[in-house]
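Protein chains: 2
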Amino acid sequence: MSENGALPHRGKVLTVDTMNANVKKVDYAVRGPIVQRAVQIEKELKEGVKKPFEEVIKANIGDAHAMGQRPITFFRQVMALCTYPQLLDDSKFPEDAKNRARRILQSCGGNSIGAYTTSQGIDCVRHDVANYIQRRDGGIPSDPDNIYLTTGASDGIVTILKLLTAGEGRTRTGIMISIPQYPLYSASVAELGAVQVNYYLNEEKCWSLDISELQRSLQAAREHCNPRVLCIINPGNPTGQVQSRQCIEDVIRFAAKENLFLMADEVYQDNVYAEGCAFHSFKKVLFEMGPEYSSKVELASFHSTSKCYMGECGFRGGYMEVINMDPEVKAQLTKLVSVRLCPPAPGQALMDLVVNSPQPGEPSYQTFMKERTAVLSALAEKAKLTEEILNTVPGISCNPVQGAMYSFPRITLPERAINEAKAKDQAPDMFYCMKLLEETGICLVPGSGFGQREGTYHFRE
Amino acid sequence: MSENGALPHRGKVLTVDTMNANVKKVDYAVRGPIVQRAVQIEKELKEGVKKPFEEVIKANIGDAHAMGQRPITFFRQVMALCTYPQLLDDSKFPEDAKNRARRILQSCGGNSIGAYTTSQGIDCVRHDVANYIQRRDGGIPSDPDNIYLTTGASDGIVTILKLLTAGEGRTRTGIMISIPQYPLYSASVAELGAVQVNYYLNEEKCWSLDISELQRSLQAAREHCNPRVLCIINPGNPTGQVQSRQCIEDVIRFAAKENLFLMADEVYQDNVYAEGCAFHSFKKVLFEMGPEYSSKVELASFHSTSKCYMGECGFRGGYMEVINMDPEVKAQLTKLVSVRLCPPAPGQALMDLVVNSPQPGEPSYQTFMKERTAVLSALAEKAKLTEEILNTVPGISCNPVQGAMYSFPRITLPERAINEAKAKDQAPDMFYCMKLLEETGICLVPGSGFGQREGTYHFRE
Numbered sequence: 001m002s003e004n005g006a007l008p009h010r011g012k013v014l015t016v017d018t019m020n021a022n023v024k025k026v027d028y029a030v031r032g033p034i035v036q037r038a039v040q041i042e043k044e045l046k047e048g049v050k051k052p053f054e055e056v057i058k059a060n061i062g063d064a065h066a067m068g069q070r071p072i073t074f075f076r077q078v079m080a081l082c083t084y085p086q087l088l089d090d091s092k093f094p095e096d097a098k099n100r101a102r103r104i105l106q107s108c109g110g111n112s113i114g115a116y117t118t119s120q121g122i123d124c125v126r127h128d129v130a131n132y133i134q135r136r137d138g139g140i141p142s143d144p145d146n147i148y149l150t151t152g153a154s155d156g157i158v159t160i161l162k163l164l165t166a167g168e169g170r171t172r173t174g175i176m177i178s179i180p181q182y183p184l185y186s187a188s189v190a191e192l193g194a195v196q197v198n199y200y201l202n203e204e205k206c207w208s209l210d211i212s213e214l215q216r217s218l219q220a221a222r223e224h225c226n227p228r229v230l231c232i233i234n235p236g237n238p239t240g241q242v243q244s245r246q247c248i249e250d251v252i253r254f255a256a257k258e259n260l261f262l263m264a265d266e267v268y269q270d271n272v273y274a275e276g277c278a279f280h281s282f283k284k285v286l287f288e289m290g291p292e293y294s295s296k297v298e299l300a301s302f303h304s305t306s307k308c309y310m311g312e313c314g315f316r317g318g319y320m321e322v323i324n325m326d327p328e329v330k331a332q333l334t335k336l337v338s339v340r341l342c343p344p345a346p347g348q349a350l351m352d353l354v355v356n357s358p359q360p361g362e363p364s365y366q367t368f369m370k371e372r373t374a375v376l377s378a379l380a381e382k383a384k385l386t387e388e389i390l391n392t393v394p395g396i397s398c399n400p401v402q403g404a405m406y407s408f409p410r411i412t413l414p415e416r417a418i419n420e421a422k423a424k425d426q427a428p429d430m431f432y433c434m435k436l437l438e439e440t441g442i443c444l445v446p447g448s449g450f451g452q453r454e455g456t457y458h459f460r461e
Numbered sequence: 001m002s003e004n005g006a007l008p009h010r011g012k013v014l015t016v017d018t019m020n021a022n023v024k025k026v027d028y029a030v031r032g033p034i035v036q037r038a039v040q041i042e043k044e045l046k047e048g049v050k051k052p053f054e055e056v057i058k059a060n061i062g063d064a065h066a067m068g069q070r071p072i073t074f075f076r077q078v079m080a081l082c083t084y085p086q087l088l089d090d091s092k093f094p095e096d097a098k099n100r101a102r103r104i105l106q107s108c109g110g111n112s113i114g115a116y117t118t119s120q121g122i123d124c125v126r127h128d129v130a131n132y133i134q135r136r137d138g139g140i141p142s143d144p145d146n147i148y149l150t151t152g153a154s155d156g157i158v159t160i161l162k163l164l165t166a167g168e169g170r171t172r173t174g175i176m177i178s179i180p181q182y183p184l185y186s187a188s189v190a191e192l193g194a195v196q197v198n199y200y201l202n203e204e205k206c207w208s209l210d211i212s213e214l215q216r217s218l219q220a221a222r223e224h225c226n227p228r229v230l231c232i233i234n235p236g237n238p239t240g241q242v243q244s245r246q247c248i249e250d251v252i253r254f255a256a257k258e259n260l261f262l263m264a265d266e267v268y269q270d271n272v273y274a275e276g277c278a279f280h281s282f283k284k285v286l287f288e289m290g291p292e293y294s295s296k297v298e299l300a301s302f303h304s305t306s307k308c309y310m311g312e313c314g315f316r317g318g319y320m321e322v323i324n325m326d327p328e329v330k331a332q333l334t335k336l337v338s339v340r341l342c343p344p345a346p347g348q349a350l351m352d353l354v355v356n357s358p359q360p361g362e363p364s365y366q367t368f369m370k371e372r373t374a375v376l377s378a379l380a381e382k383a384k385l386t387e388e389i390l391n392t393v394p395g396i397s398c399n400p401v402q403g404a405m406y407s408f409p410r411i412t413l414p415e416r417a418i419n420e421a422k423a424k425d426q427a428p429d430m431f432y433c434m435k436l437l438e439e440t441g442i443c444l445v446p447g448s449g450f451g452q453r454e455g456t457y458h459f460r461e
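Protein chains in written order, with the UniProt record's numbering: chain A, 1 to 461; chain B, 1 to 461.
I should point out that these hints are in silico values taken from the structure, not numbers from a laboratory. None of these values were measured; they are calculated from a predicted model. Among the hints, erroneous ones may be present.
Just so you know, same-sequence chains aren't split out, so a pair can sit in one copy or run between any two.
[What the hints assert, rightly or not] No more than 30 Å apart at the CA atoms, straight line, and that leaves these computed lysine-lysine pairs for DSBU-like:
| # | residue 1 | residue 2 |
| --- | --- | --- |
| 1 | LYS162 | LYS330 |
| 2 | LYS330 | LYS296 |
| 3 | LYS162 | LYS98 |
| 4 | LYS46 | LYS370 |
| 5 | LYS370 | LYS382 |
| 6 | LYS162 | LYS422 |
| 7 | LYS335 | LYS92 |
| 8 | LYS424 | LYS46 |
| 9 | LYS24 | LYS162 |
| 10 | LYS58 | LYS435 |
| 11 | LYS370 | LYS335 |
| 12 | LYS24 | LYS257 |
| 13 | LYS284 | LYS384 |
| 14 | LYS162 | LYS25 |
| 15 | LYS205 | LYS284 |
| 16 | LYS50 | LYS92 |
| 17 | LYS370 | LYS257 |
| 18 | LYS25 | LYS435 |
| 19 | LYS162 | LYS335 |
Bound conformation, chain A alone (with noise of 0.2 Å):
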């Protein structure tokens, strides 16, 4: 205060200019300014204002639940007898779901799912996780100690993404991610204030993944930074494309010559459509390729309860499987997680559900398959009309979707849009976008917000 008791006239002690650089930097499209516009043309549209369509189709993230998708009957089910035990006495209940519910209790504090669990995660589920991911991998063993139940995926990628950024300048941890990406990578990246290193698929083959594009993007990399990590999506998002079983063995071969750390994205694994594709986990092969690799290639997966045939995106459970990571590094990746004390416990018993789902005999078992069939048939359904569609308008076209939930098709702006698009200053595929929105309802991410080639123009659905 001055002399006369009036506090001096200063400005804000937060401001634009005297906040976190980095966090200036972080770009998130997917929730970025068309959505921002989306919400506010609905809000418009309530308060009565005349538009060429009557709702906002949002489909700007992969929100099953947003958009129609019934929730599985015997996870809710689970869900709200852990909420609610007084409702294991109810005869409406199956005992299958009873019985899921008691043992997750058990392994609760107080028997209570509303009582911090161990950072790492609920015991019992972790152990589920392993067998889970035993099974999928055709019997390659998993140990409960490498997994960490998370807050949806997200949370395990930075923090995975936190551990390995270090060094200043040119020796600054750089971070390979594809384009176009899923931009949680570059968010993250530039809040940690680490490099992005971009490597692109290729969009004339299937958004496949090149060995040759790799290590130019490398190379290239290493004249300014420290390229430490690989990051994959398989399935991909935002491009839907499967990678083979070579591709991966490609890839893994590759992070161990050059001594990159390797993260997979694997939240997309059970929505795998075209013929002639399936998923291979970045696990199953690493470990088939024999001892000189799977001794020593670090690898961190990630899958989660938001998508496949679940889409519980509400509940932001997930896992991740780290290996061969050193162990003192793990102790303080354990340190670092117990920061935040624990993943949510209702997000973490939904995905002991998911990796410890009905079985043959159990009395939920033919409603369970039959809800779970039902939801990944219309995905696959949706996944090839999508494509056929999208390839008949001219000026679109549009690869196969081979999985996860999305198609990435290129649009051909003409030369006028794209000056007109120019001069607002403003991505000629945001300007498609933004025009889309405005004049049918329909709430697009552009390519922009996910990277591609330069010219190239492109939007997410």
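Let chain A serve as the given structure and place chain B on it in line with the hints.
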């Protein structure tokens, strides 16, 4: 690969020498070595190892349900209804619980708690939080646009600290925290690479906060960093003091004069036990000080579902309210939280119930109040007993526990014990707590994990 095809023998990509150096500096006592040893002892007991006790009592963390506190029935009923809406037809559930569930579900995409919510949190929940704050603070307005739902309070605190961390060397952000403090603060400051600035609470005056000590601490910090943030925990953790209205006013005046961003951790706002003590929110005091302050001082305050009478830690629900935040910074905050998509929807729903609990006339009101009062009375009773019993033990002296859920008694250690500890390279109170754990099974966190004046020793119970 080398010419003959064998892989070169390089070391790990990620080692403690090449990992994020800030993460290495993170220390988190409430889940640190003593807790790891407690978990180990629990395993040994299960395996039949003989000990002088039969079970480990984990008093390392405020985890009410794990210690036997029962969840509030109404909260769990609504959560079950939100999770499994088929129960809305069940006559066992009261109408007010059904109404709350219907209202929350109507605010969710596809009426499912499994959909992503908006990044800032479900609209109707943010409105209810704002109404709650307004009621609590005697009508001082609260704007839902200033409310951000969070993954527990920790998440909100880390997010605001992240925004505030900038500069290098002598301009690096300094963050003022109380000593003793809740170690989330020191851990986050280390992880962000900010500068920890300690101010000491006055143990002789029941852990009160002296402005002269704030001034001393600030002055000293300005020699080597840029202190911009003042963090306050009220009611105090681990020290259990409740700040007087006068003290809060003084702190606000100090923050205004010295241009500090205020962070008020108010997660124990319902946990006030001592005669003559009352909870005063920083927001309320700020606005009662008139426009000179209320239009200027930047404040973020935090609350959660984890403490008070509900103790629902596992759901990771919470909110923060930001006051006088620069609009451009707020846009950056909204962008930043969008990268994690959304806080867990069940935690958001639970937060709603905390701020929108049963009202007189509603069917659940009486049971709710009975349960709430029983929990708070039991906690008050325990607070008094703890203080009384501890003060009968020679060598232990304990301040009155005015609020929150902990006491932080001072222990006088014999010279011999101090020397023995030092020979083992252990903090003397860590040595004491470890011995207590091995001999009695009681797991306490030593004062050194929270910080204390040089030469004094404590534990948190």
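Results of checking the hints against the structure:
{"no.": "1", "hint": "LYS162 / LYS330", "verdict": "both (13 Å within a copy, 24 Å between copies)"}
{"no.": "2", "hint": "LYS330 / LYS296", "verdict": "within (15 Å within a copy, 45 Å between copies)"}
{"no.": "3", "hint": "LYS162 / LYS98", "verdict": "neither (39 Å within a copy, 43 Å between copies)"}
{"no.": "4", "hint": "LYS46 / LYS370", "verdict": "neither (37 Å within a copy, 42 Å between copies)"}
{"no.": "5", "hint": "LYS370 / LYS382", "verdict": "within (18 Å within a copy, 53 Å between copies)"}
{"no.": "6", "hint": "LYS162 / LYS422", "verdict": "neither (36 Å within a copy, 34 Å between copies)"}
{"no.": "7", "hint": "LYS335 / LYS92", "verdict": "neither (43 Å within a copy, 44 Å between copies)"}
{"no.": "8", "hint": "LYS424 / LYS46", "verdict": "within (29 Å within a copy, 69 Å between copies)"}
{"no.": "9", "hint": "LYS24 / LYS162", "verdict": "both (18 Å within a copy, 11 Å between copies)"}
{"no.": "10", "hint": "LYS58 / LYS435", "verdict": "within (15 Å within a copy, 59 Å between copies)"}
{"no.": "11", "hint": "LYS370 / LYS335", "verdict": "neither (42 Å within a copy, 39 Å between copies)"}
{"no.": "12", "hint": "LYS24 / LYS257", "verdict": "between (36 Å within a copy, 28 Å between copies)"}
{"no.": "13", "hint": "LYS284 / LYS384", "verdict": "within (29 Å within a copy, 58 Å between copies)"}
{"no.": "14", "hint": "LYS162 / LYS25", "verdict": "both (17 Å within a copy, 13 Å between copies)"}
{"no.": "15", "hint": "LYS205 / LYS284", "verdict": "within (25 Å within a copy, 62 Å between copies)"}
{"no.": "16", "hint": "LYS50 / LYS92", "verdict": "neither (47 Å within a copy, 45 Å between copies)"}
{"no.": "17", "hint": "LYS370 / LYS257", "verdict": "neither (45 Å within a copy, 66 Å between copies)"}
{"no.": "18", "hint": "LYS25 / LYS435", "verdict": "within (26 Å within a copy, 50 Å between copies)"}
{"no.": "19", "hint": "LYS162 / LYS335", "verdict": "both (13 Å within a copy, 19 Å between copies)"}
When held up to the earlier numbered hints, the structure conflicts with 3, 4, 6, 7, 11, 16 and 17 and fits the remainder.
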